[in-house]
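Protein chains in written order, with the numbering used here: chain G, 1 to 113; chain L, 1001 to 1113.
In case anyone wonders, no lab produced these hints; they're calculated from the structure. All C-beta atoms, glycine included, are put in the ideal place defined by N, C-alpha and C. One or more hints might be untrue.
Selected chain G positions facing chain L (in silico; Cβ < 7 angstroms) [said to hold, decoys possible]: (1) Phe9; (2) Pro39; (3) Ala41; (4) Leu43; (5) Lys100; (6) Gly104; (7) Thr105; (8) Ala110.
Ranges of calculated distance between the beta carbons of each label pair, as one might list FRET restraints [unchecked claim]: (9) Asp3(G) / Pro1070(L): 48 to 54 angstroms; (10) Ala77(G) / Glu1052(L): 44 to 50 angstroms; (11) Pro113(G) / Pro1039(L): 37 to 43 angstroms; (12) Glu1063(L) / Thr81(G): 40 to 46 angstroms; (13) Met53(G) / Pro1096(L): 19 to 25 angstroms.
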Amino acid sequence: GEDVEQSLFLSVREGDSSVINCTYTDSSSTYLYWYKQEPGAGLQLLTYIFSNMDMKQDQRLTVLLNKKDKHLSLRIADTQTGDSAIYFCASSPGGGATNKLIFGTGTLLAVQP
Amino acid sequence: NAGVMQNPRHLVRRRGQEARLRCSPMKGHSHVYWYRQLPEEGLKFMVYLQKENIIDESGMPKERFSAEFPKEGPSILRIQQVVRGDSAAYFCASSPTGNYGYTFGSGTRLTVV
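Okay, chain G solo, but in the shape it has when bound (with noise of 0.2 angstroms):
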C-alpha cells in the first residue's frame, strides 16, 4: 500500500538551515504536502509541490521533488526557535474520486539557541 517515511528527529541551531526529508511510494501522487504542528495543536498547511514541478520556493521554505527517486525535502533557510515543530510531509495517491492524504510518521524538529 502507499507509504510516506521521514527520519523521526532533526537538531539543528538558530540561524542555521534545517532540511527535512520524506519518501513515498505512490507514482501516481498529484500533490505532495508539508504541514506543521506545534505541541497540542492541529495542523497547519506550510506549503505543498504539485507533481510536475522540481522546486517550490516560498520565503524562508524552499521545498525539492525528484519524481523519480520519490524523494521529497522540505528546507528551512535562518531557522528560528519558533520552527521547533513536528513536521509532517503527506502524499495524495492519484485515482479515485477521495482525496485522502497519507502521511508520515512526522520529524521533530529542535532549534537550539
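Assemble chain L onto chain G, guided by the hints.
Below, chain L alone, put in the same frame as chain G:
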C-alpha cells in the same frame, strides 16, 4: 472566518461509553475528512464525507465507529463502546472542493479510562 471548529477539545470517557466528536467545517466548505493520530504516530485517514454522503470510509474500523455529515449542522464522528485503544487525537479537516488545501481543526483528544 472562524476556521475548522472541533469540540470538545478534550474528552474523557470510561470504557464502554460512547464518544461523540463534532466538527464544523469552514464556511463554504462542503468536504470533510476525519483523521486519527495515535500517540507518536502520523495521522491516519478515517473517512471522507460530503453533505449527507460518505464518499470514502476505507480507514474506518469496521465496528463501533460511524460518521455523518448532515445537511444541517456539524459532522459527527461517533465511537460506541470505547476501549483504551481508541485513546488518540482525532482531527477533522475541510476543503471547498475536495482538492488540495485542507484546513485542519485543532483536534479532539480522547482519553479512555
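Hint by hint, here is what the structure shows:
With 7 angstroms as the threshold, the beta carbon of Phe9(G) stays out of range of chain L, its nearest partner Cβ sitting at about 12 angstroms, so the hint is violated. Hint status for Pro39(G): violated, given a least beta-carbon distance of 12 angstroms to chain L, over 7 angstroms. Satisfaction of the interface hint for Ala41(G) is found here, the shortest Cβ-Cβ separation to chain L being roughly 6 angstroms, below the 7 angstroms cut-off. Residue-level restraint check for Leu43(G) holds (minimum Cβ-Cβ distance to chain L is 4 angstroms; threshold 7 angstroms).
The restraint placing Lys100(G) at the interface with chain L holds, with a minimum CB-CB distance near 4 angstroms, inside the 7 angstroms limit. Evaluation of the Gly104(G) hint against chain L yields a held restraint, the C-beta minimum of about 5 angstroms falling below 7 angstroms. Annotation: Thr105(G) was flagged as interfacial toward chain L, and the flag holds, the nearest CB pair being 4 angstroms apart, inside 7 angstroms. Hint status for Ala110(G): violated, given a least beta-carbon distance of 15 angstroms to chain L, over 7 angstroms.
In this structure the hint that Asp3(G) and Pro1070(L) lie 48 to 54 angstroms apart at CB is violated, the actual value being about 34 angstroms. For the hinted restraint 44 to 50 angstroms between Ala77(G) and Glu1052(L), the CB-CB distance of approximately 46 angstroms keeps it satisfied. For Pro113(G) and Pro1039(L), the Cβ-Cβ distance of about 28 angstroms falls outside the hinted range of 37 to 43 angstroms, so the restraint is violated. For the pair Glu1063(L) and Thr81(G), the supplied restraint of 40 to 46 angstroms holds, since their beta-carbon distance comes to about 45 angstroms.
Under the hint 19 to 25 angstroms, the C-beta atoms of Met53(G) and Pro1096(L), about 22 angstroms apart, fit the expected range.
When held up to the earlier numbered hints, the structure conflicts with 1, 2, 8, 9, 11 and fits the remainder.
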